[in-house]
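*Asks:* In case you want the letters, here they are:
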Amino acid sequence: MGQKITIEPVTRVEGHGKVTIHLDDENNVVQTRLHIVEFRGFERFIQGRPYWEAPVLVQRLCGICPVSHHLAAAKALDVIVGVGPDDLPPTAEKMRRLMHYGQFFQSHALHFFHLASPDLLFGIEADPGRRNVIAVAEEFRDLAVQGVMMRKFGQEIIQATAGKKIHGTGAIPGGINKSLTIEEKMKFLIGKDPMNIDQMIVWASSAVELFKDYHRKNRDLIDHFAAFPSSHLSLVRKDGALDIYHGVLRAVDKDGKKILHDVDYQDYLDYIAEEVKTWSYMKFPYLRAIGKENGWYRVGPLARLNTCDFIPSPLAQKAFEEFRSYTGGKPNNMSMHTHWARLIETLHAAEMMKELLEDPDILSGELVKKGNKTIEGVGLVEAPRGTLFHHFRINEDDLIEMANLIVSTTNNNEPMNRAVELVAKEWMNGKEKITEGMLNAVETAIRAYDPCLSCATHALGKMPLQIELYDVNDQLIDHMQT
Amino acid sequence: MSKPIIATTSLAGCFGCHMSLLDIDERILDLIELVEFNKSPINDIKKFTKKCDIGLIEGGVCNSENVHILKEFRENCKILISVGECAIMGGLPALRNNIPLRECLEEAYINGPSVENNEEQIIPNDEELPLMLDKVYPCHEVVKIDYYLPGCPPRADLLFNALVALITGNLMELPYECFKYD
Ligand code: SF4
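For the record, the sequence lines run as chains A and B. If you count the first sequence from 1, position 73 lands on 134 in my numbering, and the numbers rise without skipping. If you count the second sequence from 1, position 78 lands on 83 in my numbering, and the numbers rise without skipping.
Chain B with its partners taken away, still in its complex shape (with noise of 0.2 Å):
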């Protein structure tokens, strides 16, 4: 039997998420036995070059490119998983969803005690520069999500716990200790 293939991404987080799954040590070296992996950053591989069994997200959708990533992971990735609180529910980066896009901008860009020189009141928006959204966005608001892994980020033992369980077909241990966003 093929091994079950896993692609990863970081959309609008922190990669702790990713962090949190090097937090497996050693098993990380048993993970690469039992599994391939494909687009990640854990091996260089930018582009799906074949579809995947599983897809992690870390991160919420903040800009355009989010949106298309995801979307992407969604047409590739048969079960899609939410990894942590950023795209379960936006996470730390959805603090601004109250507060109006230009507002932030300003902030950073003009108002900020070390900004000096800014006379013309520049905004960065280059043509380079993706579409911001006016929120931060979970993930399952823009497809549909299969699983969802608490925590900020999920700790190490429930992520691998997790991945094992769905490669052999078993259920898996949701201890309540798990149920948190710190």
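In isolation and in its complexed conformation, chain A is listed as follows (with noise of 0.2 Å):
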């Protein structure tokens, strides 16, 4: 007799996700569903709104990279205004740059010091009541002070760009409201310790050093555990060069062959399509020219340094010919290295952030460029979590008229769902009890793509999980829950 089993990786009260496996009649897994079970509506409700409230409304969908969504929603309306990518005034893109970098830098930190860090100081068998960043906090508090520092450090560069540390304002159809003071400047490069850019330098240095030592203990787990190959989607900047702002489209498959190849994002209709499905909130996204079944891809830390050829930074460079030598050059397909992924791009974004600092376009220069306005753009970055794609069109009254999100967590939809199938078939197959073991490695495996579910749940802790246990006829026969 078949079952079927549930697992919550949010727990039904708090919404966001869950997981079902079903069973045959021998106890083996014949499918798995990751469950998104929020919904907002925000296509629709944004239509009749005046097109420069958009960045400001959308980003009011995650807290947590809400920089990502407001710049995304600039870009499309930079194209609506007629001031393409390459005709931003210098100081306007660097503005948005050092923004988005020191977005990178505070969700990268918050990720490492909240999600990542436990599990490496305590180990990932320990008492799951002191795996938590409060029991970080009381045993390792130098590590403690770091993590807490570091966001803060990218949450002031957000404040200084954004003009607040959430939710901002900073970036206009055209350019940026403000330039940097020559305060600001000097406060973030040369500012007392540990408040400057060297300091944050060091300390992303050391959090790359962090995990390679964890990597060396547990090779096995990180190599293993939840690994298997697929495509790789990113933004990368026209010369191949990782670019989390700006660029052209590029996918590759396992082996790392390119099947898209560098193209414009304004025409992502043409190569992404979305599938719906009656068991989850989230679509799912595919190439369209390989088609539903076999046209998924990841996005992300993996497969942005997946995608490109170069890091265009010395530290960050060096961390990555490591990385890539890992795998002899070929695409990482091992979900667990996305942590050693995440961790480069946090030290490639303190670089940058030293850089735009030095530059004097940051200071003063045009902010706003007017053009000729259009009725439809797209606008597309590289968020912490992976490519978001926004797309708007307006009417004749510069009223919305259609809007079309893809963010990144839905990019991910197939890869997280196959992630799920993997490690149910390894642990279930064969059993009809649902064990500890079992629970922790489903969490574990969700996790490795840090999901933002409804663009925003959970980041802060881990997600509660659920299983539930099913007979053939739906009836409820084992349940477990952390």
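None of these hints come from the bench; they were simulated from the model. Worth double-checking, as some hints may not be accurate.
Stated by the list, open to error - Ranges of calculated distance between the beta carbons of each label pair, as one might list FRET restraints:
{"id": "1", "chain 1": "B", "residue 1": "SER69", "chain 2": "A", "residue 2": "GLY432", "range": "21 to 31 Å"}
{"id": "2", "chain 1": "A", "residue 1": "PRO111", "chain 2": "B", "residue 2": "LEU136", "range": "27 to 37 Å"}
{"id": "3", "chain 1": "A", "residue 1": "GLY432", "chain 2": "B", "residue 2": "LYS149", "range": "47 to 57 Å"}
{"id": "4", "chain 1": "A", "residue 1": "SER267", "chain 2": "B", "residue 2": "ASP139", "range": "48 to 58 Å"}
{"id": "5", "chain 1": "B", "residue 1": "LYS8", "chain 2": "A", "residue 2": "LYS278", "range": "51 to 61 Å"}
We put the beta carbon where it would ideally sit given N, CA and C, even for glycine.
Using the hints, put the two chains back together into the complex; each one sits in its own frame.
*Replies:* If you want it as structure tokens, here you go:
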């Protein structure tokens, strides 16, 4: 008699996401599903709003990476007001970039400190009650202070560029509304210890080392857990460099062969489509050319380091070369290596902030440009969690008529489902009871993607998990919760 | 004297209010000395393990699960605080309140320009998905709320000062500039 198991990465009452697993007569896994249970309706309710409101409205979908939404919307509106990405005044582009690197730095630091460090410091076998950030703060005070300060530095960069730490207003269609003052710049460059950029670079480098050390000691886990081949998609600079703010869209397959050849993202609809399924509010994107069965791809830190050719900052490039050589130059398909990639990006963000802070354009220059208005535009950035698409069309009254968003976590929908399937098969096949190990494994597999469910949930903590075991008639026969 | 106990949750919010609480920076290390956190995404306690003194609610109420959890917070917390615009008046998600829910769903799943192969006009409706409410409601329309902290999100200092005032039993300053919802 077949069975169905339900796992809730976020408990039923807290919403956002859960997993169901169906078993056949021999208790073999036949199907797994990650359900996303939140819906906002943004695409519809933004219609009728003046277009210039979009960058401040959309970011309220996500208070963890609001800058990404803010900038993706602003980039789409640049196109609508007739100022292409290459026509943006240098001060505007550099201020936006500084904001974006500040956001990467704070978001990645938060992830490292809150999600990764408890596992690295206490080990994933440790008592779950101790594997949290408060225990880190109690037992590893220095590291806790470091995490808090790194995040603070990124947030203050955001405040200086966007006006506010959360939900700022810096980017406007065609430019930015402020430049940096000399005081702000000096504060970041030579601020009292530890709040200066050089200290941030040192800390970011040491975080990469901390991970490598952990990897050396836990190679089996890090290399094999939830590892599976996939395609990878991200923005890259025209010359193939890692670029999180602007560039062209590239995808490679599991062997590194290009399957999307550095295309203009204004035409994203020619290349990417989404499938709707009854059991999740999150859609399933795929590459049209390959089709919905096999056209899915991963996005995020791992995907970015798999698609780009090099990193345009010296320390991160060195770390990148090491990362690449670990897989002999081929794409890295080991899910847990996302942590490694994320820390290399953190280092890159710190280096880029320094470069921008030292650039004279950041202090003065033209802030906004005007062009010939059109009615439609696409904006794309790499958010900390992956590629983020915004697409708007306006009517003759300047009101938004159509909005389409494909957020980072949505791009990772199929890979997360695959990871769950893989882990479930490994742990569940032949068993009819849910085990603690199974619970942890599914949680860890999903968390490797740092999913921002409803573009928001859980980044502060780990996801609660609930597993329910059903028989073929949907009768609950076993139940377990963390 | 035992430490005051705090619980927090995010309903139909964006997590920005929780992030603003983290923006108290170094003071977070003082805060965890001063108080004990119970159910909260900050420490991963997923279920109430004891009665709490203060509950912080981010986000309004958009589906049946939000209702459930908000009631659970009211039962377990002596003082309940609506934190931020969404909890106080629904916030950005409440922009859908003037539009039939069906239209919102159709726009996302049927009309969306990147949606393909949806000839059957599928709209997610699985039994695993919680029931959506017709509107997004502010928290105080569902349970009694004791205090309100304005902002989108409330600034970090405001959150910190409010917690310190409650813990020490002092009055807090609520400067005029804090009364805003940007
Ligand atoms: S009030 Fe603002 S910051 Fe808080 S949850 Fe709502 S949108 Fe996010």
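*Asks:* Confirm or reject each hint.
*Replies:* Right, here's what the structure says about each hint:
no.: 1; hint: B/SER69 / A/GLY432: 21 to 31 Å; in the structure: 47 Å, violated
no.: 2; hint: A/PRO111 / B/LEU136: 27 to 37 Å; in the structure: 33 Å, holds
no.: 3; hint: A/GLY432 / B/LYS149: 47 to 57 Å; in the structure: 53 Å, holds
no.: 4; hint: A/SER267 / B/ASP139: 48 to 58 Å; in the structure: 52 Å, holds
no.: 5; hint: B/LYS8 / A/LYS278: 51 to 61 Å; in the structure: 36 Å, violated
Hint violations for this structure: numbers 1 and 5, all remaining hints satisfied.
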